[in-house]
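J.: One letter stands for each residue in the lines below.
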Amino acid sequence: MANPMRIRANATGDVVEVKVLIRHDMETGQRKDSSGKAIPAHFIQTLVAKCNDKVVLDAQMGTSVSKDPFLSFKFKGGNKGDKIAVTWVDNKGDTRTDEAVVA
Amino acid sequence: MNQNRRDMLRITSVLGLAITAGLINPSEVFAAEWKAGVFEAKSLEDAIKAIGADKFAVSKDVAVNGPDIAENGAVVPVSVTSAAPNTEFIAILVEKNPNPLSASFNIPAGTEAAVSTRVKMGGTSNVHALVKADGKWLIASKEIKVTLGGCGG
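The listed protein sequences derive, respectively, from chains A and B. The opening residue of the first sequence carries number 2 in this note's numbering; numbering runs sequentially from there. The opening residue of the second sequence carries number 367 in this note's numbering; numbering runs sequentially from there.
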């Protein structure tokens with residue numbers, strides 16, 4: 002199941018720093034379980050971050066992004082109170098969107 | 367069938383129609399699609415080629431930051447910054463991983479060309495940052511030593 006993300010967005014002047022911590026196993030498909038069977042790959046493929054519906058970051062991930070991915074980036078033109086929405090989609094079609102307000 | 371589901375179906379079918387009719391570019395709906403070929407490339411050269419960077423130059427404008435020695439290869443913090451103007455794309459590649467491309471980012475105008483994330487590393491390897499700025503491909507590298515592999519090694 003998709004667990005909630007932790008999103009923190011802080012504005013310094015007009016620059017907003019966004020930090021996202023996603024809860025996801027990011028299974029590579031190369032690990033084996035105790036019986037020797039390969040654990041199927043399960044990982045986030047795309048992630049989009051939007052500020053008030055404007056895309057501010059668009060990421061694609063492979064299997065080698067670590068478990069519970071962390072992401073941080075900065076963008077200009079944001080203000081306190083703006084809404085940040087982050088959406089990811091994984092290779093099994095699971096998706097999740099979480100929102101935060103710029104502080 | 368409840369009302370929400372009905373709405374959802376209607377919305378998706380309308381969106382789907384708009385996409386097939388060419389009214390909306392899929393990239394505008396969900397910015398960039400995941401490209402299997404690029405992420406499944408088995409070697410650094412193949413991955414760079416699949417990204418579309420035929421020619422690239424080592425640049426001082428691009429910086430890869432990470433630990434010199436990572437104790438745990440499963441969680442290696444890596445950040446990439448680019449001082450090159452009009453940086454529009456950043457890719458993080460771990461040379462010796464089974465699939466070198468770890469993550470890539472499209473940087474819209476207004477977003478700073480600086481991203482941090484955490485990657486898995488199978489062992490000691492060079493980590494490369496491939497950047498597209500002003501139509502040119504720039505690269506920077508850093509060796510990160512791994513004392514404990516991140517891929518079950």
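Honestly, the hints are just simulated from the structure, not real lab data. This structure is a prediction, so every number in the text was calculated from the model and none was measured. Ideal Cβ placement from N, Cα and C applies to all residues, glycine included. Take the hints with a grain of salt, since some may be wrong.
[What the hints assert, rightly or not] Label-pair ranges, simulated between beta-carbon atoms:
hint, chain 1, residue 1, chain 2, residue 2, range
1, B, Asp420, A, Ala39, 30 to 36 angstroms
2, A, Gly94, B, Ala423, 24 to 30 angstroms
3, B, Asp420, A, Ser36, 23 to 29 angstroms
4, A, Lys33, B, Gly403, 24 to 30 angstroms
5, A, Gly94, B, Gly403, 17 to 23 angstroms
6, A, Ala104, B, Pro443, 21 to 27 angstroms
7, B, Val424, A, Thr96, 21 to 27 angstroms
J.: So, for every hint listed, does it hold in this structure?
T.: Do the hints match the structure? See the list:
1. B:Asp420 / A:Ala39: 30 to 36 angstroms: 35 angstroms, holds
2. A:Gly94 / B:Ala423: 24 to 30 angstroms: For Ala423 of chain B against Gly94 of chain A, whose Cβ atoms are near 39 angstroms apart, the range 24 to 30 angstroms is violated.
3. B:Asp420 / A:Ser36: 23 to 29 angstroms: 45 angstroms, violated
4. A:Lys33 / B:Gly403: 24 to 30 angstroms: The hint (24 to 30 angstroms, Cβ to Cβ) holds, given that Lys33 of chain A and Gly403 of chain B are roughly 26 angstroms apart.
5. A:Gly94 / B:Gly403: 17 to 23 angstroms: Between Gly94 of chain A and Gly403 of chain B, where Cβ atoms are some 20 angstroms apart, the hint holds.
6. A:Ala104 / B:Pro443: 21 to 27 angstroms: The hint (21 to 27 angstroms, Cβ to Cβ) holds, given that Ala104 of chain A and Pro443 of chain B are roughly 23 angstroms apart.
7. B:Val424 / A:Thr96: 21 to 27 angstroms: 38 angstroms, violated
Hints 2, 3 and 7, counting from the list given before, are not met by this structure.
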